[in-house]
Structures are given as C-alpha cells and as structure tokens.
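Asks: Sequence:
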Amino acid sequence: MACINCNMNNKIHSQSVQLLILALTGQCNLNCSYCYASNQIQQSMPWSIAEQALQYITEYSGTPTIQFTGGEPLLAWDLLVKCVEWLEYHKFKAKLQIQTNATLLDEQKIDFIKKYQIGIGVSLDGFADSNAINRPYKDFSDSTTDTIKGIQLLSSAGIEIGITTVVNTITVERLDKVIDLAFYLGNVRQVGFNLVRPQGRGKEELLINEEMLEAGIHKMLSRLEYWQNITNRSLIISQLDKISKLQKGYTPFSHCYALHKSGMYVSPDGMMYACASLAGREEYCLGHVSGGVDRKRETILLTHLEPVVDICTNCNFINYCGGACYSRVQLGQTINPLECTMKKIFIKYYQNKQMMRV
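Number 283 in our numbering belongs to position 283 of the sequence shown; there are no gaps in the numbering.
Since no wrong hints were added, every one of them can be taken at face value.
Simulated crosslink set (BS3-like; lysine-lysine; CA at most 27 angstroms straight-line):
1) Lys344 x Lys248
2) Lys149 x Lys138
3) Lys93 x Lys82
4) Lys93 x Lys245
5) Lys219 x Lys245
6) Lys348 x Lys248
7) Lys95 x Lys115
8) Lys93 x Lys115
9) Lys177 x Lys149
10) Lys245 x Lys95
11) Lys114 x Lys93
12) Lys82 x Lys114
13) Lys95 x Lys109
14) Lys245 x Lys344
15) Lys91 x Lys109
16) Lys109 x Lys93
17) Lys353 x Lys245
18) Lys114 x Lys149
19) Lys242 x Lys95
20) Lys344 x Lys177
21) Lys149 x Lys109
22) Lys82 x Lys95
23) Lys348 x Lys219
24) Lys177 x Lys242
25) Lys149 x Lys115
26) Lys219 x Lys242
27) Lys138 x Lys109
28) Lys93 x Lys242
29) Lys344 x Lys219
30) Lys95 x Lys114
31) Lys91 x Lys114
Read the hints as simulated data drawn from the structure, not as lab findings.
Make the full structure from the sequences, and use the hints.
Replies: What follows is the structure, encoded as structure tokens:
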C-alpha cells in the first residue's frame, strides 16, 4: 500500500499545491435543494484576485490541476477565459477543469473548452424525476432539459465528461437511472456519487439511512454491469477508481488534498481555504491571496486533521479507503456512518471483483 507507513508515522505530508479551486462567482442560476455553498459569498471574483491566485500557484506548484467552480462558473465566463489565456501567455502548464451544471453551454464556449482541452464535470442527478426536484432553476422550473442539451453539445464536439450525482432521499432509489442516462448520453466517461453535506441548504435535507444507501448502490452496480455487458463499453465509477488507485499505488494514502497540504480553495473575495467544504468558516481560513498562507493557521488546521487519521487507523478497510472526510467529521463531531457505509459497499464490491479475476 503506497505511503501508508509514512502517513501513519508522520500523519501530514508537505507538498506543493496540486489542486487549485477558483470559485469564480458565488452566484448560480439554479436553486439546488442541498447546496452546501448557498450561504457563501455571492459576489463574483475580481480579476485582481484571480490573477493573484494564479501567480501563487505558479510559484508553488509543478503541473497542478486548476478547477473553475462557483456558484456556477459559466456565469463568470469572461473571467474564466481571462484566467486560461493568462496561463497560456505565461506558458504555465496545468490540467484545467470546469465543474458546471451545463445549462449555459453554447457552441462558442465549447469551442474554447475544446481548444484548451478543459475537462468538464457536470452536476446532474439523473432524469427529470430526480433532477427537477433537486436541481431546479431559481423559479423552480426544471433545469434537466437544458443540462442534457449542454451535455449533447459537448458530445457533438467529441468532448467526454464526468457526472457527479448527489445521493439524497430523492436520488437514492434511482441511482441505477443515473447509469442508464450515462450510457444513453454516450460521452459520459465517469460517474461519481456524493453524500449531502450538512452545510448551507444541505442542513435542511432529510438524511437517508444505511439500508437505503446500500440498496441503492447495489442496484446501481447491477445496472452498471448490465450496460457494460451488452454494450462492451466501460464506465468509470469514481469511488471504485479511487480504491483501485490506492491499491496500485497511483495515489498516496488518503485522497484528501487538505491532509497533504496540496489543495487550495480561493473564494471570490480572495480568502484561501484548504478545502471547498471548509470555505466561509473563518476558523479554517488560511489567509488571503494577497499575502499567501498564514503558516500558523495552517499548523492549527493540520492539528485538527491528525485525529481524523487516528480515528480510522484501526479500521480493516483503511488501506482501501484512505480515511474519512475531515469536513464531514468536523461538522458532525464523529465519523459519518453513511460515509463509511458507502465506502465499504464499494470496497467489498471491488474486492469481490478482484477475487473473481484470480
């Protein structure tokens, strides 16, 4: 298992920034029922802030991933273009990504995306019977058709995407339909599933139970096998991919960028956090892009991260899991049983598949 011993001994790694998340705007054209960012700053990021963030990462990184997010980042399209062109002008190599709801995509934007080989992640909760409830427009009308149109425009341009689906009381019984939709669309390379975070509007969400989660995931995995068998096409499931990379040593112990001091989230006002899930919480702010990371604050944050590793150390699944999500532990003051349940379901499925190959 790559890095497990050094992580258990040293707990926290010191690395250059490998992931920069730029929240180009706090504004969004949707009104998602579980949005954890709904209580965050609603302004758009000034160019001066974006430029400082880009300058910061060019000084402290090799070839990082830069993800443009929001809110809805396509609402700040001109700023996004300026960021990408700045990187090109300065000949700084980075893997670029946009996390979007895809409703605002058009051919002009897609031409730019294709030119700069920007990876696209789309937030989508399946067909309209789920997505319309979870992810409506501000006037509560259905956004599903526009999201799918955006994905189809990307498909016409030969661009593959990843889909992220939030698992809540609406989607948990329809996760198999997400797989149906992914195969129908044709250009979906990867699907990932996230649990609701108890932040923002997510605090008001009714929680699913472990039995519902297990039934939903098993149903989804059966559907995945069905489609892969009859189409001879593969579809990556993010959770299984992480397990595989951990086992093969392609990624260090724990996929948490904050744990490795290798991630940075910059809010529209220029405040820096180790993780997007901690944004807006003053006690987890690491500084402002104009002055860089406050090392004292960083040290305090890392002392909070260490106990999360300790909690997971004696778990039989640790080598496959990489540890709990710190932000979920912090918010609930304990390991989230749903997070553990989800990971264990995928781990057991992965183990069974590996045994069948022997």
